[in-house]
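Novice: Spelled out from the first residue to the last, the chains are:
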Amino acid sequence: MSDLALHIPTDVIDGPTSLAFAAIAVLAVGACVVMARRNLDERLVPLAGLATAFVFAAQMLNFPVAAGVSGHLLGGALAAALLGPWLGALCVTVVIVIQALLFADGAVTALGLNVANMAIIAAFTAYGVLALALKVLPRTRWGLGVAVFAAAIVSVVAASAGFVLQFWLGGEAVGQSFGAMAAAILGTHVLIGIGEAAITAGAVTAVAVARPDLVHALRGAPLAQARARVLKETA
Amino acid sequence: MNLADGLHRPGDSPVHRLRPQAKIVALFAFTCAIAATPREAVWAFGVYALILAGLFALARVPATWVLSRSLVESPFLLLALAFPFMVDGPAVRIGILQVSEPGLWAGWNLFAKATLGVWAALLLSATTPVAGVLAGLSRLRCPEILLQITAFAIRYAHLTVAEVTQMRLARLARCDDPRFLWQAGALARSLGVVFIRSFERGERVWQAMAARGYTGRLPLEVGPAPASPLQWSAALAAPALAAGIAAWTAVPA
Chain U
3 MSDLALHIPT DVIDGPTSLA FAAIAVLAVG ACVVMARRNL DERLVPLAGL ATAFVFAAQM
63 LNFPVAAGVS GHLLGGALAA ALLGPWLGAL CVTVVIVIQA LLFADGAVTA LGLNVANMAI
123 IAAFTAYGVL ALALKVLPRT RWGLGVAVFA AAIVSVVAAS AGFVLQFWLG GEAVGQSFGA
183 MAAAILGTHV LIGIGEAAIT AGAVTAVAVA RPDLVHALRG APLAQARARV LKETA
Chain G
285 MNLADGLHRP GDSPVHRLRP QAKIVALFAF TCAIAATPRE AVWAFGVYAL ILAGLFALAR
345 VPATWVLSRS LVESPFLLLA LAFPFMVDGP AVRIGILQVS EPGLWAGWNL FAKATLGVWA
405 ALLLSATTPV AGVLAGLSRL RCPEILLQIT AFAIRYAHLT VAEVTQMRLA RLARCDDPRF
465 LWQAGALARS LGVVFIRSFE RGERVWQAMA ARGYTGRLPL EVGPAPASPL QWSAALAAPA
525 LAAGIAAWTA VPA
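Protein chains in written order, with my numbering: chain U, 3 to 237; chain G, 285 to 537.
These are computed hints drawn from the structure, not numbers from a lab.
A hint or two may mislead.
To be clear about the criterion: a stretch of chain G counts as covered by chain U if any three or more of its residues have a C-beta under 8 Å from a C-beta of chain U, and this derived list gives those stretches [as the list claims (entries may be wrong)]:
id, region
1, 302 to 316
2, 409 to 419
3, 427 to 433
4, 445 to 455
5, 485 to 497
Bear in mind that the values here come from a model prediction, so they are computed numbers and not experimental data.
Just so it is clear, CB atoms sit at the ideal spot from N, CA and C, and this is done for glycine as well.
Based on the sequences and whatever the hints tell you, model everything.
Specialist: Here's what the structure looks like:
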């Protein structure tokens, strides 16, 4: 919701670490393009473009949380659950680049760091958790909702852990011990993750009920309840 | 804010006329110079601010616009304000407050560098149209597929954002009172609906493109123009000056 520690500004992380993460981000985004094109071939550009526009809208959606504090989605888990990890990470990457170059949000020297945290780490951990949870949980509305909820919390905390890692590698300690700072950042992001997870789970189950074929995590299979109802109606 | 135009302010100043690829490289170089400057060289940050202010004046971008757009970094400014109180170390007195000296420097560092970084980025986005930024990135060998996705995303983002806003208005008109956590359900469901609509629109757009003979490449009739050496040197003058200052301040005296 609040992206307090995530759009990293100029020189919070030192040069070598930023460069290393930029290299990682370039390689990962390259892999995302290859894998997304394998699934979508020439449909990639319009579908990924519209999906990115959707992630953009989801992030633009500011809603008041408490007095004076408003938040918005990070969208990594939402994109990964609906579009798959490759296309999802690609869409969030494009959103981050647009925000840095066209809206001056997040430093250009920190693009690699921001892409690594919010796009790559968030999308892939979310998808990993989701795939595991869907193996265990029943394929019902509630099962999917719980799985997406868990995936979204883990993805937000993992993205902030990515920042903590970068800070450990190339940040400059300000007074307090690193452990205390890491605990504060991770703790805040558990709370942020709960909000993100509630919205993400609601959105994904809403799509799954109406158009299960559009939820990548379900792999084309409808939800159990919905299928049972359809079978009853056709019988 | 019009999404399709980014933060672009049309104009015909020397800054507007520079080729976008030169401006993008200049932005990277300038930001790196800011990042490399040691925090104790307070005057250097003043010079950077003066350079940027001069360029904003040259581009006829009003200072109020720049300041209001800088609010994007306000969470970090709050953090910078908190540093002097959070950090241990030798304390100094300012008025009635007792604050830590390394904390003051850390806060100043974050404040100065984040603000200047945002200003440099604002200069690019204010003087370059969206299509120009994309053309510049293409000249800089950014993969074509990413640029095409970005172009589509920007073209349709205002539609998806408008759909979200419209649904919110429709809910309000039906006596919805969005507050705190209770709004989450409706918000999530409308996001789901917007996703289905966007994906279906993507499929329709693809079908329309396929009907017009699209095979995976956009027929780009005009390649982005190259920048002349004069253009490059004009664009890189400010970052070169900044890099010189950064190098000078970084060398221990």
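Novice: Look at each hint and say if it fits the structure.
Specialist: Consistency of the hints with the structure:
1. 302 to 316: Contact hint for the region 302 to 316 of chain G vs chain U: holds, 5 residues under 8 Å.
2. 409 to 419: Holds, because 3 residues of the region 409 to 419 of chain G bring their Cβ atoms closer than 8 Å to Cβ atoms of chain U.
3. 427 to 433: holds (count 5)
4. 445 to 455: holds (count 3)
5. 485 to 497: holds (count 7)
Checked against the numbered hints given earlier, this structure breaks none of them.
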